[in-house]
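These protein sequences, in sequence, are chains A and B.
No gaps in the numbering here: position 235 of the first sequence is 320 in the numbering used here, and each next residue is one more.
No gaps in the numbering here: position 140 of the second sequence is 225 in the numbering used here, and each next residue is one more.
Just so you know, the hints here were simulated from the structure itself, not pulled from any lab data.
Since the model is a prediction, treat every value here as computed from it, not as a measurement.
Be aware that one or more of the hints could be misleading.
Copies of one chain are not kept apart here, so a pair can be met inside one copy or by any two copies together.
Capping the alpha-carbon separation at 20 Å, the derived lysine to any residue pairs in SDA-like fashion look like this [unchecked claim]:
| # | residue 1 | residue 2 |
| --- | --- | --- |
| 1 | Lys-491 | Asp-207 |
| 2 | Lys-491 | Leu-169 |
| 3 | Lys-347 | Arg-414 |
| 4 | Lys-491 | Leu-153 |
| 5 | Lys-204 | Gly-490 |
| 6 | Lys-460 | Asp-423 |
| 7 | Lys-310 | Tyr-481 |
| 8 | Lys-491 | Asp-208 |
2 protein chains.
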Amino acid sequence: MIVGGGFGGLHAARALARAAVRVTLVDRHNYHLFQPLLYQVATAGLSPGDIASPIRWILRRQRNLQVLLASVQGIDPARKALRLDGGGEIAYDFLILAAGSAHSYFGHDEWEKPAPGLKTLDDALRIRRRMLLAFERAERASDPVEQRRLLTFAVVGGGPTGVELAGAVAEIARHTLKQEFRSIEPGSARVILIEAGPRILPAFPETLQEASERSLTRLGVEVWKNKPVTGISPCVVEFGNERLAAGTVLWAAGVAASPLGKALGVPLDRVGRVMVHEDLSVAGHAEVFVVGDLAHLEQDGALLPGVAQVAMQQGRHAARNILRGLEGRERQPFRYRDYGNMATIGRAAAVADFGWLRLSGWIAWMAWLLVHIMKLVGFRNRIGVLIQWAWAYFTYQRSVRLITGKQG
Amino acid sequence: MIVGGGFGGLHAARALARAAVRVTLVDRHNYHLFQPLLYQVATAGLSPGDIASPIRWILRRQRNLQVLLASVQGIDPARKALRLDGGGEIAYDFLILAAGSAHSYFGHDEWEKPAPGLKTLDDALRIRRRMLLAFERAERASDPVEQRRLLTFAVVGGGPTGVELAGAVAEIARHTLKQEFRSIEPGSARVILIEAGPRILPAFPETLQEASERSLTRLGVEVWKNKPVTGISPCVVEFGNERLAAGTVLWAAGVAASPLGKALGVPLDRVGRVMVHEDLSVAGHAEVFVVGDLAHLEQDGALLPGVAQVAMQQGRHAARNILRGLEGRERQPFRYRDYGNMATIGRAAAVADFGWLRLSGWIAWMAWLLVHIMKLVGFRNRIGVLIQWAWAYFTYQRSVRLITGKQG
């Protein structure tokens with residue numbers, strides 16, 4: 086049984102393709118989401134269909150596997166069973182839990198409404214709606230103070246998602262919307278990236294941090310560092326006594342592990358990740374594996390990061406350890422191979438750290454582009470995204486500037 | 086002042102491009118929707134972004150025009166003013182009302198929830214979600230009666246939209262989902278097209294009606310004629326004492342004019358369309374024009390149909406009549422030039438009636454394809470749709486099979 090159709094779950098499923106086992110993969114959504122490009126859906130560059138593919142389509146040729154659209158409500162490790170929404174129960178011999186992560190508002194759940202985060206496709210469509218509505222409302226507003234407020238965008242969190250969002254919003258304001266408004270000048274919008282710590286992109290080497298800050302500033306983004314947020318309410322961000330009036334506030338600061346980890350009844354870390362053994366199984370249940378963002382594993386003294394590469398490698402590894410066990414062979418400890426780290430900032434600007442090679446600017450952006458195109462699931466998506474990017478590059482346009490769904 | 090950014094409003098705006106007038110276009114949505122392809126979004130063939138473009142992007146070069154995202158709450162023809170949501174008011178010298186139409190449930194508004202209609206992008210996404218969820222739920226269901234019910238799709242209304250929806254759902258069941266399920270056989274799904282009258286596609290000549298019925302039958306669609314629906318409740322369609330258990334019911338039967346027509350205080354027809362003079366202005370208000378689906382105009386004894394062609398020609402005509410008046414010239418009566426009528430049924434099957442030429446089958450489908458690609462707004466959309474159609478044709482796949490949004 087595999088819970089979750091993200092990078093970890095999908096790669097676990099594939100590693101079991103030729104084995105004499107029966108596999109069930111359960112996910113709340115009917116699609117696998119290419120999360121690294123989710124910010125492009127939020128900023129109107131790509132359509133949801135470009136970065137998501139139905140899980141059952143991806144795995145259709147794997148005859149030993151069934152996909153179920155269901156939300157897991159509970160896990161009973163003693164009875165080796167999962168409880169699904171709608172009341173069904175499924176027994177398992179082996180479980181690979183790859184349920185991922187969600188936003189964390191550090192105990193301030195009331196910040197979620199005024200400052201939506203970016204984890205799911207529906208999140209991305211909500212952010213897209215809010216951002217586009219801000220410009221539309223500013224065009225209709227008659228009060229200049231109100232216009233100013235509506236044209237201020239605050240992005241909280243200086244990690245890769247925050248940097249990508251801030252860069253994209255600035256690009257939209259400066260380039261994409263040019264000429265289209267009559268009462269406002271979209272290029273005058275303020276985009277502010279707010280980081281609590283002393284530097285943005287903390288996982289990157291210092292030279293690349295500085296390069297990305299320069300790129301953001303060139304795009305017109307204000308980078309505020311050492312600014313811990315103390316309060317968020319509709320259209321206001323607070324820093325102690327200081328207040329920022331911003332019509333749109335986006336949250337890219339914290340992640341928490343999926344609440345499903347708790348159901349296992351094994352030790353968790355501070356943010357709810359499950360402590361796993363070196364073979365990725367959990368304490369007291371050799372038949373239960375946890376992989377990806379939900380797993381806490383240290384390597385060479387450092388926690389493995391919550392990135393796609395780790396999830397994919399762990400998913401494959403857990404599946405192979407199960408097969409090794411079935412064949413009477415010994416399980417292997419997991420060892421992460423780090424192929425590098427990238428973040429994109431905007432048009433022709435990115436940073437990439439491959440360890441032996443550090444890139445920034447146009448060449449890093451080309452590398453980012455190539456890697457992401459290659460990693461997309463499905464040939465059609467690759468072609469589709471490539472065309473949209475080429476079009477966007479030459480025209481400065483974004484193809485999916487639609488305000489859809491209920492307002493909120 | 087132009088109300089509505091559909092075919093009528095957009096073509097009115099363009100006809101005013103080079104004139105010495107100030108134009109404001111108001112729409113509830115920020116995009117112009119290519120309605121003829123909306124059923125392809127509902128059936129997972131295209132993304133919303135492929136058939137919708139921001140109105141302000143389309144009209145960005147027209148410097149005498151401002152676009153406002155607003156919903157018109159009322160019209161005061163005596164004071165020549167519009168009331169917008171949020172309390173604003175706008176005065177006009179001339180008004181072109183192109184507010185279009187909505188579904189009509191013939192007085193049974195309680196049918197809307199169990200049988201959603203297809204007019205907006207959000208409607209299309211709701212239909213897509215319901216249709217895909219039906220297959221997912223059937224895969225999880227253990228009761229064969231329940232599975233049967235979930236795999237029954239009823240489309241009410243045998244006009245072009247109903248025929249297109251039924252054909253597409255049948256294609257998805259027979260081809261697209263093949264091999265992807267383990268507990269159900271998607272190809273065994275029943276798709277039933279229900280028409281109250283004696284024939285489907287009543288606006289087409291009889292030979293083409295018969296051709297389209299044969300195509301539907303070949304696709305596995307059951308065509309029920311002379312079957313007026315008397316009741317719809319969740320998963321049940323009633324015909325007098327007869328009942329059909331259908332997990333998904335789609336409504337493609339009736340349209341009503343936008344309620345904005347009523348605000349003018351001039352004569353309406355039975356379904357709320359505004360009776361217009363030959364020059365497209367309304368009784369008692371020579372400065373108010375109504376075009377498109379909201380206008381009731383007869384030509385050679387027959388009501389002009391609610392199709393894109395009529396709306397575009399009327400939008401242009403109303404704008405030109407305003408300019409003629411400003412130049413002291415006489416207004417011209419509107420005369421519709423009918424270039425033909427088309428409906429598509431499914432893969433390589435369509436009917437087309439150009440008056441002097443009637444086509445069906447593969448050649449009509451190619452004609453349908455060409456016309457619709459050419460008429461799409463925006464080069465990127467044309468390329469994007471072409472690629473998706475080519476991909477779908479060769480692989481039988483549909484690219485946007487995503488279940489997004491709140492369930493309902």
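Comparing the hints with the structure gives:
1. In the homo-oligomer, the alpha carbons of Lys-491 and Asp-207 lie at most 20 Å apart both inside one protomer (11 Å) and across protomers (9 Å), since each shortest distance falls under that limit.
2. Only between protomers do Lys-491 and Leu-169 lie at most 20 Å apart by alpha-carbon distance; the minimum there is 19 Å, versus 28 Å within a single protomer.
3. Proximity of Lys-347 to Arg-414 under the C-alpha cut-off of 20 Å is found in neither arrangement, the shortest distances being 30 Å within a copy and 78 Å between copies.
4. Taking the shortest Cα distances, Lys-491 and Leu-153 sit within 20 Å of each other only across copies (19 Å), while inside one copy they are farther apart (28 Å).
5. For the homomeric pair Lys-204 and Gly-490, the shortest alpha-carbon distances inside one copy (17 Å) and between copies (14 Å) are both at most 20 Å.
6. For a Cα distance limit of 20 Å, the shortest separation of Lys-460 from Asp-423 inside one copy, 16 Å, qualifies, whereas the shortest one across copies, 49 Å, does not.
7. Taking identical chains as interchangeable, the C-alpha atoms of Lys-310 and Tyr-481 are never at most 20 Å apart, the minima being 29 Å within one chain and 51 Å between chains.
8. For the homomeric pair Lys-491 and Asp-208, the shortest alpha-carbon distances inside one copy (13 Å) and between copies (12 Å) are both at most 20 Å.
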